[in-house]
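K.L.:
Next come the chains, spelled out residue by residue.
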Amino acid sequence: MRHWGSETRYLLLSVAPGALCIVVFLVLPSVYLMGMAFLSNGPYGLPTLPLSLQAFRELAGFGFLGWSPGNLYTLLRSLWQTALATVLVIVIAYPAAYTIATRPVRWRAIMLLAVVVPSWTNQVIRSVGWMNILAPDTPVSNLAASLELTEAQMGLFPSQFAVIVGLVYNFLPFMVLPLYAAFERLDHSQVEAAQDLFAQPWAVFWHAVLPQTLPGLMAGTVLVAIPAFGMYVVTELLGGGKATMVGNLVARQFAQASNWPLGAAGAIIMIVMTLVGLRVLRRLGQRLGGDREVVL
Amino acid sequence: MTAPGLARGLRVFWWALMVFLYAPLAVVVFFSFNQINSSARFAGFSWQWYERLFANEVILSALGNTVILALTSSAIAVVIGGFLGYGLYRYRRWKLGWLIWLIYLPVVMPDIVFGIAEMTFFVTLSQYIALFTPGLTTMIIAHVTFQVPFVALLVNARLLSLDAQLFEVCQDLYATPLQRARYFIVPVLTPAIIASALLALTLSIDDFVISFFTAGPDSTTLPIYIWSAIKKGVTPEVNAMATLMIAGVIGVALLSLLIQPTTSATSSKRRSAS
Numbered sequence: 391m392r393h394w395g396s397e398t399r400y401l402l403l404s405v406a407p408g409a410l411c412i413v414v415f416l417v418l419p420s421v422y423l424m425g426m427a428f429l430s431n432g433p434y435g436l437p438t439l440p441l442s443l444q445a446f447r448e449l450a451g452f453g454f455l456g457w458s459p460g461n462l463y464t465l466l467r468s469l470w471q472t473a474l475a476t477v478l479v480i481v482i483a484y485p486a487a488y489t490i491a492t493r494p495v496r497w498r499a500i501m502l503l504a505v506v507v508p509s510w511t512n513q514v515i516r517s518v519g520w521m522n523i524l525a526p527d528t529p530v531s532n533l534a535a536s537l538e539l540t541e542a543q544m545g546l547f548p549s550q551f552a553v554i555v556g557l558v559y560n561f562l563p564f565m566v567l568p569l570y571a572a573f574e575r576l577d578h579s580q581v582e583a584a585q586d587l588f589a590q591p592w593a594v595f596w597h598a599v600l601p602q603t604l605p606g607l608m609a610g611t612v613l614v615a616i617p618a619f620g621m622y623v624v625t626e627l628l629g630g631g632k633a634t635m636v637g638n639l640v641a642r643q644f645a646q647a648s649n650w651p652l653g654a655a656g657a658i659i660m661i662v663m664t665l666v667g668l669r670v671l672r673r674l675g676q677r678l679g680g681d682r683e684v685v686l
Numbered sequence: 003m004t005a006p007g008l009a010r011g012l013r014v015f016w017w018a019l020m021v022f023l024y025a026p027l028a029v030v031v032f033f034s035f036n037q038i039n040s041s042a043r044f045a046g047f048s049w050q051w052y053e054r055l056f057a058n059e060v061i062l063s064a065l066g067n068t069v070i071l072a073l074t075s076s077a078i079a080v081v082i083g084g085f086l087g088y089g090l091y092r093y094r095r096w097k098l099g100w101l102i103w104l105i106y107l108p109v110v111m112p113d114i115v116f117g118i119a120e121m122t123f124f125v126t127l128s129q130y131i132a133l134f135t136p137g138l139t140t141m142i143i144a145h146v147t148f149q150v151p152f153v154a155l156l157v158n159a160r161l162l163s164l165d166a167q168l169f170e171v172c173q174d175l176y177a178t179p180l181q182r183a184r185y186f187i188v189p190v191l192t193p194a195i196i197a198s199a200l201l202a203l204t205l206s207i208d209d210f211v212i213s214f215f216t217a218g219p220d221s222t223t224l225p226i227y228i229w230s231a232i233k234k235g236v237t238p239e240v241n242a243m244a245t246l247m248i249a250g251v252i253g254v255a256l257l258s259l260l261i262q263p264t265t266s267a268t269s270s271k272r273r274s275a276s
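Line by line, the protein sequences give chains C and W.
Quick note: the first sequence uses the numbering used here, first residue 391, plus one each step.
Quick note: the second sequence uses the numbering used here, first residue 3, plus one each step.
Errors might be hidden in some of the hints.
Label-pair restraints from in silico Cβ distances [said to hold, decoys possible]:
| # | chain 1 | residue 1 | chain 2 | residue 2 | range |
| --- | --- | --- | --- | --- | --- |
| 1 | C | 432 | W | 102 | 37 to 45 Å |
| 2 | C | 504 | W | 69 | 36 to 44 Å |
| 3 | C | 585 | W | 46 | 54 to 62 Å |
| 4 | W | 230 | C | 601 | 43 to 51 Å |
Which bits of chain C does chain W cover? Going by a derived footprint, with three or more residues having C-beta under 8 Å, they are [claimed, not checked]:
| # | region |
| --- | --- |
| 5 | 412–420 |
| 6 | 459–471 |
| 7 | 474–487 |
| 8 | 508–522 |
| 9 | 632–642 |
| 10 | 656–670 |
Far from chain W, some chain C residues (derived; all Cβ distances over 12 Å) [what the hints assert, rightly or not]:
| # | residue |
| --- | --- |
| 11 | 441 |
| 12 | 448 |
| 13 | 539 |
Think of the hints as simulated: they come from the structure by calculation, not from any bench.
Quick caveat, the model's predicted, so the values are computed rather than measured.
A virtual CB, placed ideally from N, CA and C, is assigned to each residue, including glycine.
Chain W with its partners taken away, still in its complex shape (with noise of 0.2 Å):
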């Protein structure tokens, strides 16, 4: 093939591939205003899936669910994380490669054996002890475990990409710990630090598998609410709810573009630079 013929075939593949990405979204945006409840024929705008859906208490308390779960567990491993990355950091010469290998374990592990893992664990162990009883809390447990790694990972990297002098100079000033954490640390983690904590929403209110299996008959957010409604079928009021969340996610990510205009490209070319 010639040069401008390459050229104008990857511009048809590229849109081609647009449309293959987008079109599944632009569906469920689309039929959640269809005026009947159909997802093959679309008979004229209406915001009636949407009321009802503000109408309903169940879908309400998924969503408050979801938020709580979100917020707590990306609270909650943010500082976990954040730590853990750091210690990892700062003790790199003593051997943790047991550490790399359990941080991975998470990142590695099928959700499914996650999820039924929690599960069984958290069952047998509500037995005994009440807090364990499947619901928020346990939830919260299993979204704080896989959180944990990305953001101690995130935390590291940024780390590893500062110049290492730099700790020692702050021991020249005869900068104490808490010093150095308040006047240096902090300030060059905060960038990935809120990197990894939109990170880590993201990653709760993108999950599925792991929810499912540790909620407990109080504790349903909106993907799991989603996912019995469709058992019974694709309507517009179930299009209605992931166009929500939809939304949620792009502006939750674009706000993170917006803070920290480092895009994915970047930063793993940083990644694999250091």
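Pulled out of the complex, with its shape left as it was, chain C reads as follows (with noise of 0.2 Å):
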């Protein structure tokens, strides 16, 4: 019985600080946030009683001019931003994923850290980097003008391309890790045979090497779309008002705006949106074959 209890003893000591520390600073702060969301929005912006739905209703459109789109409009962008965004990342990570795994063992840890170096770095300073390039009057803008992609001297920068591209940028090593983990341990018998049933190199493809880097891609996936939906960084430098994104639109009303409840509405959203996200994705990923291990 002394046994049993000083075992409680020490993974109250063990566990209780950390998960303490979770609690009181995270849960806690998280749920008080979301109260605020019920209640009235008051005369500094600060929320007070009575408890009412008004910062919901505001969320969804509906002001003193009656209803507009632009919240909802935020929140589609948002949605196709993180999918664009998603997309494009795994465009380039999969034949980067790929080109990695099939150099010499001792050359594929340095093209891994080439790829996650720049990961490392302050997202405000990527951010700056990607200003630097895009900026009016830059070799890459002037480019881009002579081909009347832009309309001259505008740069490409503030735009919802530049944004786009920061995303990407910011994304990149998530899916590249993952993906390099499936491409590893592909079984490459599975090629072997698909070739020696004279299957086309789309068709071996398809049918040999997809499937088995699944699972790497639904990982990545999770790792790329969830932090970029809840974006801020990225679209306030790049956006310039242009692709602002639900991060943006709650952080506004603390700053700006002040709007607390209607903030407090918005964050809310983004954790169920999130969430939400997150089971979609891991379902997706189980149902085509993901180990739940990788899958978070």
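Hints are included, so try docking the two chains, each in its own frame, into the full complex.
P.N.:
Encoded structure:
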């Protein structure tokens, strides 16, 4: 009996500080923030009683001047930009991971490192880098202008294009790593079997390669799409108000616009959509044969 | 496409990817040495922006805050997270599923929601408890909260990769809990602890959003300073600051590789194998 007691004590001693830290400084504040969404907007943008659903009504677009689709557009834009960035990341990461996995072993670690190192720098700094490159009158901008992709002197930033570039740049490593792990474990006998059966190259890819890399692909999609949906820095710096996502809408209610209940309602939408997104991607991953270990 | 054609195509693709990945960083470093205030035209080499940087008291204090924040939060997170990872392993047959869920929460929570939730929480609390006035303390608390899960998961992964019988061996040799910790657990976990400390450091230096929302007027860090500076336009001074931070983070990262030669590739393999 005494032994059992000391076990419990050790468990509490080891687990409690960390668990408490997360409960007190993350769960509690989140619940507090979510509760704010059900209050009214007071005189200084601070929440006051009485309880109301006004914030959600405003979030849905009902304001003084009747209904406006602005917030709805922001939500749809967030989903669209997340999806576009994720697809582009997959298109770039897939051949990248394949390239790494087909090199001699001693090169692979260095190549992986080369892909990962930029993501170690600060998000703000990475955005500064793209601002330098895409600003008006830089070689890249001038090239785009001379190809008549943009108007002269406009530059490629700020724009939705710059935001998508920023998103792809930020999240690429998160897709390359799990895809590489999948390629590394690839069972080549399946590929050879397909080739022995005279399958066309695309058929080899479709029937022998793609199914084996799907778990990595799904894991990468979780790691890319979930944080991309919650992006704040890239849209704020590279979008210049043209490509705002839900995160920016929420932040604005706590800074310039000062409407905490509305911001809190937006935060609830973000949390709910993140959790739903995780669940959907996880289910999808399991159905497609992903092992639970890799998919979060 | 024929096989040699494919190989050549992939090689071209790889180098294009490297340009895409490193051009933004290279441009920042390059224009930080520009003689004129422009990031479109290079007029000649100069150290002047770095000299200005080190003469600017606000920037120096921001650098100090960044370092204090990173070191303090990492030190606390390694201790708390290390114990959490250990407890998670040691008592894994107890139903701790909810705990895993709790640990993943800071990882999946959007930064912006995390930051704003902490901000509203601290602003309210500070009316009653002065300790929670937005400033370095609140930033450290926020950083520890998002670092703890990563440390716990790394330490836990290392323990899971061990042979479980090793714990029984300690018992068979009549090791006291203290001896077991001193001669078995700590030495075995040292690489994981160092790796997680360096990860916690880079996470802290990398973070902008959570710092931004939990900071007070006197606790500006370098990323926050850069953020407010680029609202007025990217200058060579911003580039110089960014260059120093790039060098710092890459330095820490390379240090971690020297200490622990296992790269992310092999550690991810070990994790998926376990």
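K.L.:
It remains to establish, for every hint, whether it holds in the given structure.
P.N.:
Structure-based check of each hint:
1. 432/C to 102/W: 37 to 45 Å: 39 Å, holds
2. 504/C to 69/W: 36 to 44 Å: 28 Å, violated
3. 585/C to 46/W: 54 to 62 Å: 58 Å, holds
4. 230/W to 601/C: 43 to 51 Å: 49 Å, holds
5. 412–420: Coverage by chain W holds here, the residue count being 8 at a Cβ distance below 8 Å.
6. 459–471: With 0 residues in contact (Cβ-Cβ under 8 Å with chain W), the coverage given for the region 459–471 of chain C is violated.
7. 474–487: holds (count 3)
8. 508–522: Answer holds; 13 residues pass the 8 Å Cβ test.
9. 632–642: Holds: 3 residues of the region 632–642 of chain C have a Cβ under 8 Å from chain W.
10. 656–670: As far as the region 656–670 of chain C goes, the hint holds, because 6 residues have Cβ atoms under 8 Å from chain W.
11. 441: 17 Å, holds
12. 448: It holds; residue 448/C is separated from chain W by about 17 Å at its closest Cβ, greater than 12 Å.
13. 539: 18 Å, holds
Consistency note: the structure conflicts with the earlier hints numbered 2, 6.
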